Amino acid sequence: GDSVTQMEGPVTLSEEAFLTINCTYTATGYPSLFWYVQYPGEGLQLLLKATKADDKGSNKGFEATYRKETTSFHLEKGSVQVSDSAVYFCAAFSGTYKYIFGTGTRLKVLA
Amino acid sequence: EAQVTQNPRYLITVTGKKLTVTCSQNMNHEYMSWYRQDPGLGLRQIYYSMNVEVTDKGDVPEGYKVSRKEKRNFPLILESPSPNQTSLYFCASSLYGASTDTQYFGPGTRLTVL
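Each protein sequence line maps, in turn, to chains F and U.
Under the working numbering, read the first sequence as residues 9 to 119, first letter to last.
Under the working numbering, read the second sequence as residues -12 to 101, first letter to last.
Do not rely on the hints blindly, as some may be mistaken.
Quick list of in silico lysine-lysine cross-link-like pairs, PhoX-like style, CA-CA up to 25 Å [unchecked claim]: (1) U:Lys52 - F:Lys106; (2) U:Lys44 - U:Lys56; (3) U:Lys44 - U:Lys5; (4) U:Lys44 - U:Lys58; (5) F:Lys60 - F:Lys85; (6) F:Lys116 - U:Lys5; (7) U:Lys56 - U:Lys4; (8) U:Lys4 - F:Lys85; (9) F:Lys85 - F:Lys68; (10) U:Lys4 - F:Lys106; (11) F:Lys76 - F:Lys106; (12) F:Lys64 - F:Lys85.
Quick caveat, the hints were computed from the structure, so don't treat them as lab data.
Treat the numbers as computed from the prediction; the structure is a model and nothing was measured.
When you get a sec, could you build the whole thing from the sequences and use the hints?
Take a look at the structure:
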């Protein structure tokens, strides 16, 4: 069945460091891909999305490119801030009304 | 303000005592969904609804029921809760459930079943 695999955390970085969180998927067809962020005590918020191959989603300095050849959607940010500390979820939507989420990666940014 | 609301936010109950977690959205969305979040497992979809009176199972529907009698409401029912249903539950909605739609999440309901 469809699945989303993302790197295990926690990831601990110093402020202004470069961030990469890996995400790969297996799905029939060409799913839409999403990154969601969950701040402590809150629900999930959409961070960015890409709906077809080679699309790049971007928001708040975060970017991710839909790579069909490697079935990946890695999240990157050039310079993280303490306020980016949160849990990040990669997700796929395969067009059958079902969403598949990864297990989440906790990011902690130190001042 | 556009939002998804859930009630209660926190609930402690005992095995076998029926409970309902309510979910409501004010965005006129057709698609609504329930998830549970567990450590190491991420979010797993329980049930979803494409429109009024149209619901379908997600990946982990056992032990849960839902109903969609009005577009804005999508309650989650646990008729006989068990300890393995202790979890953090999220309701979400999107406009049509299309692959390009954004899902909006509620704040979560933390359920403990003793």
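Practice prompt. Would you list, in rising numerical order, the hints stated earlier that this structure does not obey?
Written response: 6, 8, 10
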